[in-house]
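S.K.: Same order as they appear, the protein sequences are chains X and R.
Following the numbering used here, the numbering of the first sequence begins with 445 at its first residue and continues without gaps.
Following the numbering used here, the numbering of the second sequence begins with 24 at its first residue and continues without gaps.
Honestly, the hints are just simulated from the structure, not real lab data.
Among the clues, some could well be false.
[Stated by the list, open to error] In silico SDA-like pairs for lysine to any residue, Cα to Cα no more than 20 Å straight-line: (1) Lys933(R) / Ala703(X); (2) Lys993(R) / Ser975(R); (3) Lys966(R) / Ala703(X); (4) Lys966(R) / Asp754(X); (5) Lys394(R) / Asn1018(R); (6) Lys993(R) / His711(X); (7) Lys966(R) / Pro797(X); (8) Lys993(R) / Ala703(X); (9) Lys933(R) / Pro797(X); (10) Lys770(R) / Trp683(R); (11) Lys1139(R) / Pro1188(R); (12) Lys993(R) / Phe613(X); (13) Lys993(R) / Pro611(X).
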Amino acid sequence: MATVTAPATGSPVEHEIFTDDEHLIGGKQNLVTIGEKIGNVCLGEVPTPKGWWIMFLTGFTLLQALVIGLCWLFYLGTGVWGLNSPVFWGVAIVNFVWWIGIGHAGTLISAILLLMHQKWRTSLNRFAESMTLFAVMCAGIFPLIHMGRPWLAYWLFPFPNNIAMWPQFRSPLCWDAFAVSTYFSVSLLFWFIGLIPDFAYLRDHAKSKIQQVVYGMLAMGWRGSAMHWRRYEKLYLLLAGLGTPLVFSVHTIVSFDFAVSIVPLWHATIFPPFFVAGAIFAGFAMVIWLAIPIRHWYGMKDLITEKHLDVCAKIMLGTGLLVSYGYFSEVWMAFYGHSVYEWDTTLQRMFGPYGWSYWLLILTNTIIPQLIWFKKFRTNELLLFLVAGSVHIGMWFERYVIIVTLTRDHVPSSWGRYAPTIWDYAVMFGSMGLFLTLFALFMRFLPMLSITEMRELLPRAAGGRDGHAVMENAK
Amino acid sequence: MALDFDPNAESNGAGGIPDDQFQSLEQVFGSPEFERMMKDEFPEDAAEWLDPVTRRRFLTLSGASVALAAAAGCNPSLKPASQKKIIPYVKKPEAIVPGVPLFFPTALTLGGVAVGVLVKTVEGRPIKVEGNPAHPGSLGSTDVLAQATMLSVYDPERSKGITEKGQPSTWDKVQTALKAVVDSQVSKKGAGLRILSEPAGSKTTFAGLMADLKAKLPEMKWIQYEAVGTENVLAGVREAYGKYLTPIFDFKKADTLVSIDADFLTNGIAGIRYTRDAMSRRKVRVHADSRRADGVSLEKLSRIYAVESNVTSMGGVADHRLPLKPSEIESFVRELAKAVGVQNVPAAGPLSERAKEWVAVVAEDLKDEKKTGVVTIGNAYSVVAHNLVHAINDKIGAVTKGAVSFVEPVGAELAGKNADAAANGTGSLAELTAEMNAGKVDTLIILNCNPVFTAPADLKFGAALQKVPNSIHLGLYLDETSALTTWHINGTHELETWGDAQAYDGTATVQQPLLNLYGSHSALEVLVALADKPSSAESIVQDTWRKFHAAQKIAVDFDLFWHKSVERGVIEGTEAKAVEIKAGDVKLSDTTQKSPAPATKASDIELVFRPDPTIYDGRFANNGWLQELPKPISLVCWDNPALVSPATAERLKCEVSYAWTAGEHGQSHVDKIEITIEDRKARVPVWVVPGLADDVIVLHFGLGREIVGEVGKGVGFNVYPLRSTKALWTVGGIKPEPGSAERTQEKYTLASTQGQHAMEGRRPARHGTKEQAAKELKSEHGHMVMAVHGKDAFSFADNPPASAAEKDLMRALLPGTPKEREWMADEHHPQKFFAKGFKNNIHTHEEEGEEGGDHHAHDKRLLPLTLIQDHEHNKLYRRWGMAIDLGACIGCNACAIACVAENNIPVLGKTEVTRGRIMHWIRIDRYFSVPEEHGGTQRMDAKERAEVIAKSTAEVKLHFQPVPCQQCEKAPCELVCPVAATVHSADGLNDMVYNRCVGTRYCANNCPYKVRRFNFVQYANYDKESTLQLVNNPEVTMRTRGVMEKCTYCVQRIRAAEIEAEREHDNPARRKVQTPMGVRPLIEEGEIKTACQAACPSNAISFGDLNQDQYVPVAKDAKGEWKPTGRRLPFSEVARWKLEPSNYGLLAELNTMPRTSYLAAIKNPNPKLLADAGKGGHG
């Protein structure tokens, strides 16, 4: 049984034409067109675009680098990386924070924007959530593999044992373990719950036995009864509520990895809000990066409209300004705090051996995103894509700049330098490969956009419910 | 469970028996079915393994292989203990208790001069060298080379057998050959026999046997050659006093010490002892406790001037240092002699204005009647200079005041007719080479030296050696020499043989063998074989001292005398006889008076040769500990770059740049230069050292060995080819141009552990001057106290201005300081426990014994991190602390290598070091400062600093700072560890739990001192076949890959002492004290010494219990109850150090409360030299 009964083909469709004041859905859409537009990709009705193959093969190739990189790493130890004294954390942690940051937009879109009655989220939430999951998977690799003895990673979790040994609860890394695992579980649950009605659609429209069985199992017996809908909506709302604090908590706690330490310029109270803003900034850049190919390859321009790109760009601009304020605040506090270590480290950060990375960060994260003030940069896909790319680079370098702060801390005798090795890069680009592979497979086999919610978004006249059923119509 | 064999199978027994019955057990047991059953305990399961592939097997196998791949499956050490063999003693050897180490006194020699040591052995396996407190050359301390010798003993690449022309041979054949040599030489009176060895002591068995041999073969010659020769020293004395004498310095007496390139550690014959004496005058104690002399009062602080071309440890601790070219130093000595009033001083060469100013100021200081001055000069300087220095010492009264005395020569043969040949080792070697070339040498026996590598290049010793028909080499390794000799005998290490050796003052020590790993033979055995004596080395050594015993008419019988001598490590009454020298006995010889003025050409560069600070003349090339030890000052390891000043580097167009990987903390890219002297060339990388004399290239010889083990192969560069008999120590006239000293296009990667030279305005290594200190002090009731009320620190030792607002609090929180003690007694202290009965500060401690109440201070801040309340009596009451006196630290690195030996610290190799990884738990930070930085307090632009240094390296000051784990009470590392792998112990140690560590490395990031070390890959050697395993300390865990490690305050030593003390609770010999935890046995002061503390030649490290002064000694009265027997115990040494106003905590402003604290160096600059130079600053 389908979620929404499609009008029989051929019969006159009275509610075919409607106007979308909010420009969230383009073209002439109805329940059927939306279902087919999204569902047919999964069911293999749409020829696989060339772009998809490029994405998948690139990702899969890079994934091999990850496998090889990990094998070598586990065989020899973290010494294969460029880590040294004083830089005991390298690009592994940069990548961890970078990926975790990217993940944030998904939860923000699906949970917070839902609660905030932002209808435009509907076109983005499914693939943004997938992005979150895959990004957190990529992120999750790094803290694990960067350990000296990764096979003992479970010691970070409290588990009953005969020596009554708990983790050390004062350590941010311990909080990290909780925060990231909670975040991942809730995101996964949220994502899967949202998918269930769509799975049912795919099951019902399956073109082959295999599709029917697989999607059927995933649909977990969804029949679209009122009771199902009721429970679904309740649960969805609950998870949105649960997910909302996680958007803030995870990156706040990740920022504690730095802020709780006494390393100059790490030890700063600005870090939690600064990191959260940076995460959303990076996340929306990634949403833009993923939305544009989806629009193109799968002709989703009607479902992901210019309006969406415009909104994403504006959020990116806003959070980008917050992040830039963070940069300013760091420098100001170091100056005003009058601590020799803070201020010297700031000068080192700006004009020391790694000064180039600081200025690159300012360029890519603060200056280039200012172009978004121009409407052209918000609506022109190519330009927006480039600006979002700049943010990706910038956000990576933001964490890199934080990490290389370790090169020059309190005692000058220990000052050193740090450069990643080929094995650092293997794992770094390999994780990107993992992300691309997973996302490509997602695009092909799972509904990229939520069929259910997109249908709900249709005006009542078009058979929809004029917004989120969970929010707008739950009164 | 059903047995899994086929009941229908045919039985193997007699026929006719039904299958379900059997006659005997044997019948069943013999059946193949039964055997199969026995093989497979669980036959049903086992059968699965034989199936092609089952689901179960697949899962098992894949599970196992995943586990193997993910865990360190390839790591043999993970084998369960049950699979390793543990075999008990059947008959327990005498005196060996498993787990209890024994210490054997013996001696280690270098250049024929001994340092007495105690060798720690566990279950018959020597593992660590400590100094012998009874030995005058050691006084309990050791140096870098002595500490590292342990690794050489177990070097798996040592020579393990005897060879004749490269073929394996036996000791019997050697003996036969040696006998044949003597037999054939008897007729020629030994004219064709030559023995080449290192110098030996006059009273040693070696010298005695040599004398015997010479009596038999009078024409035989014994050549004593040493690359780091002391010819000029000996000749200088002869010129001055007409005969060979050994000068003995007493630096304890020296108020003014002028060191003319006389670095004790690389130059001296008594480096350890001299360092101790000289530095005892550099440890300023305002609260100097008269009963226990930790140091000297401010007035007694000595003043050290260093004139040198290299930058040495001596220059580093000096109050003033003047970098000069070697030729200028020769002139400087002449001018100085003239200035102090020596007559007939030969003419000096040109000297800079600054140097002339120095001459005047130094001479004035030396002539000061009220002070004892002494001048020392390095063995690299000419006989003339040595002669002049003796004249200066005579003139300024150093001899009459006892700062210099002379004894009968300690070296062998220096008294007899061979004296000149014996004194002039290089000359004798040259003569030997000439004879070898002339075919006059039939047999050459080379004992424990490697002349093919170390001989001056112009001798071409290797070529000459090939002309000798019969040559015998005995040595620890197969080396450049053994490759060219007919015979090679695997020599013993000094810890493997009986022998004897003399200290710098003649004091003899019997060397005992502690093991003999490879059945090696000693030099003594070769001499015994030559002399054809049937006795063993032991009895020969005993004979030597039996004769001595008889000659000295010693009252006790010989056996007791021998036993006591061996046991003490010192033979009584062997110190060389003092020679009466009166003022004015000294003379300037004719040659001295007539010697031409040293030629100095302003534009010329001069080469300076010095032995490598860690590899010495090359003999330690295969010692990984020494190779990886950063050389003092340059902090380069695994190499011997040419050292130049920044200005000279510019002249040579050479640069140092730092790599992106590791950079300043590991990897530097430098230029190589090619130095040509006549037709001899050497290509060496260049390393820039601020403060080095301009136009000087310092070359350390000893590296670049070719025939050596894997460790030393290809390490460094051989600069011996540049050294010739004419110019052993310096070569002048070098120009920065092709054919002389030219930069090549080659780049080279150096491993240096500190490229950052400046303190950047942060003052980690603090220092002040005597004047500054005096200004802040006043005398009150016979005590020196701070002049400003409420202030307890010298301003130069205080926290930096950045944290000025909180500095009182920070000082209060520094464990062991007066403020902390007041705070602990304060009523507002969160732990009311302290409020009662705690009245304790430095001014009242004399009287406080009267109030030995029940409640005493105990640091309750250090409650263990557990929710389970501990029983009061289970808690520890001791507070371990350490203080390091920067005034006395000479940056020699002995502490670092002692720590390596004690704590099983692995050697990583150059590649890892260039990746910024090094494992030493204690490092010596070395900073340079220029006056414009005001001793490091001001931040200076790097470019500007470089310009200042390039303009005048003379003004560059050095600062040393040993940095072990600071054992913070509020340790930043502990807070951030997610698995509680680094935690605090109740007695205040910051413990590292290796097997709990998962390797997140957060602790190391958060350690502001960067003293944590990480096993990035598997560094520890688990190779069970390697003899290197034997050197490991069984009390210290070997760290596996992926775990953090760091200094533990030698926790194994602390715990061992605690166990010992608690075990002796009922032993009346062990003192008992009343503590907050009840009556406990006392660990006496000095009972625990950390490895670094024990090794430190200048006693700059103190370690002990900060709470000792809280204990009241008790004894049982008649009723069997504990009653106080006296006042509280005195402050422990470390507590006394921490009460000093110069005490400060490194980065204490971060509120880490470091248990290790530093005493700011107090310098004693001459105001005249400062004023004249127009340079202020903090000295």
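S.K.: Indicate, hint by hint, whether the structure satisfies it.
M.R.: Hints versus structure:
no.: 1; hint: Lys933(R) / Ala703(X); result: violated, 35 Å
no.: 2; hint: Lys993(R) / Ser975(R); result: violated, 43 Å
no.: 3; hint: Lys966(R) / Ala703(X); result: violated, 33 Å
no.: 4; hint: Lys966(R) / Asp754(X); result: violated, 49 Å
no.: 5; hint: Lys394(R) / Asn1018(R); result: violated, 58 Å
no.: 6; hint: Lys993(R) / His711(X); result: holds, 16 Å
no.: 7; hint: Lys966(R) / Pro797(X); result: holds, 14 Å
no.: 8; hint: Lys993(R) / Ala703(X); result: holds, 17 Å
no.: 9; hint: Lys933(R) / Pro797(X); result: violated, 24 Å
no.: 10; hint: Lys770(R) / Trp683(R); result: holds, 15 Å
no.: 11; hint: Lys1139(R) / Pro1188(R); result: violated, 55 Å
no.: 12; hint: Lys993(R) / Phe613(X); result: holds, 16 Å
no.: 13; hint: Lys993(R) / Pro611(X); result: holds, 19 Å
Of the numbered hints listed earlier, those contradicted by the structure are 1, 2, 3, 4, 5, 9, 11.
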